[in-house]
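Protein chains in written order, with our numbering: chain R, 1 to 415; chain W, 1001 to 1147.
Among the hints, a few may not be true.
Subject to a maximum C-alpha distance of 20 Å in a straight line, what follows is the list of computed SDA-like cross-link-like pairs (lysine to any residue) [to be verified]:
| hint | chain 1 | residue 1 | chain 2 | residue 2 |
| --- | --- | --- | --- | --- |
| 1 | R | LYS396 | R | ASP219 |
| 2 | R | LYS403 | R | TRP256 |
| 3 | R | LYS400 | R | LYS71 |
| 4 | R | LYS122 | R | ARG209 |
| 5 | R | LYS71 | R | ALA93 |
| 6 | W | LYS1146 | R | GLY359 |
| 7 | W | LYS1140 | R | ASP358 |
| 8 | R | LYS94 | R | GLU64 |
| 9 | R | LYS292 | R | ALA236 |
| 10 | R | LYS90 | R | ALA80 |
| 11 | W | LYS1140 | R | LYS122 |
| 12 | R | LYS383 | R | TRP365 |
| 13 | R | LYS292 | R | ALA2 |
| 14 | R | LYS239 | R | LEU289 |
| 15 | W | LYS1140 | R | LEU372 |
| 16 | R | LYS400 | R | HIS412 |
| 17 | W | LYS1140 | R | TRP365 |
| 18 | W | LYS1146 | R | LYS400 |
Hints were generated in silico from the structure; no laboratory data involved.
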Amino acid sequence: MALVALITAYLIRHYLFTLTALYHKKETPPSSSNKTVYEPKVSVMIPAHNEEQVIERILQRMTELTYPKEKLEVIVIDDASTDKTGEKAKLFAKNYSFIHVVHRDPAYGGRGKPEALNRGLKHVSGEIIYCFDADYYPQRDIIEKLTACFIDPKVGAVQGRVTVLNEPHSLVTRLVALERTGGYRVDQFARNELGLITQFGGTVGGFRRSLIEQLRGWDPDMLAEDTDLTFRIYLAGFKIKYVNDADCYEEAVENWRSYWRQRSRWAKGHMQCAFRHIWPVIWSKNLRLREKVDGFLLLNIYFVPLFAVLAWILGAALFLLQPLGWMNLLWMAVPISFYSSVGNFAPFFEVGIGAYLDGRNRICWLIPLLLLTFMLNILICTKALIDLCFSKITGKKRHKWTKTVHNGNGSHYIK
Amino acid sequence: MGGLVASKEDRVDHLRMRPNFFHMAVGSVLVTVIIFLHFQLIPTFDLPALVAIGFFNLLFVFLLFPLEGPLLRKTVLLIGGNTVGVLWYLIQLSFKEAFLVLNTDAFKIIVLIAKPLIDFVWIVAVWSLSLSVLASYRIKMERLEKS
């Protein structure tokens, strides 16, 4: 029954988000680039490990940003690349005085994004720090749109929207695009509007330098350093704002193998965060009740596919025990648990509404295929949990950072 | 390289909508009538079938009827969806009857586990197709307004 209650809570949450994205009306934070008067010095950090295929694209874009260049600083952290990433970044640094390159020695570097960001943090001078992954391609006025939120002193961090650049490339990229639509256009948007836990996605976002220094940077042991930072920011008493019209394109994974690797890292990292932050979130005095509830559900989100498996197993067990009289009541819970596990259509409708709000009619046709990613995520999350438990038993603290390979195919879709 | 990315359908600026409560009310009445008809016309209609059909209709009323679009179009989509649902149920029923000779617990468990997946196929597919119809309408109307 507890399982059914928990899954039902997720179901309600999904529908609440969907309806909020559709109908909720609330004053949005100032986001018009033309009205921005708050223009502090900002630093953009771009961690890059073997990103020669995409590094020029984002650096070119940095030169096209509309934010005043005298108040902009771009730090490329060449994280022990063995390809031409460093050389290409250096060329840009030569031509543009606001671009700087920090090289990391192979003896110390290449061990993941959090370490690279911590290194970059030592070189930044901006009041606000933004992070962009090397495969991203932001709007020209994205910095203005995001920076406007920092007028509010309670805002510690800000998050923009991620959209898939190479969407037409394959079925995987199309499905990832759908997931992103639901995740940002509905989930993040609704969380922001409802005053819940808006997630910092680790890229296309920024934070106050004073705050990140107070939090002592990123934890290199965490595989989902963004989720970890999200909760540390909220626990420190700050908020994260989401700006839907601050768009940035990403190069999504293009095949199932890359999808598996990327999601495995996310699942493991998210579970690490759940184990670390669940109690601090529950007992925190800086969080309101609704934030605690949402924080709890958000931290456990990667366990949901496991709950689905559990619901199946329990369903089968209950079926076998059905003749027992007192079990009849529980038997009634079976269809409910089914309909709130795999039958939990809510995430799919959430994605559908996201696509509808974006006016993406044709992509709606692919929604049923999201069942594939759902099934795959059951395997990914199960394996992630087993791996984490195994690491606990063996006392292994550090997990290998599996880098997502970007081959620059997204450039074909830029006019 | 400096241009904007525009190789996909243009995104429509989001204007927060007001739910169409009148359409929702009409939808609720229609759903009640449809479910009543299901029970009248199909005597074998059981609880799991009712859950699936009921779930579909509930979603349709709450997540499709309030959206922008003509009532007639929504009604046609609702009736179409229910027809697919009934056909789907009849196919399942025929399989069930065909395998009744097996009548093993193992087979029943397979049915039990596979049922939400099987229902997912038609519910989500019909709903997403209907949504795309309404999205097309919305785009068309916005383009007309702009021009």
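Margin query: If you test the structure against every hint from before, which numbers come out violated?
Written below: Numbers 3, 11, 12, 15, 16 and 18, in rising order.
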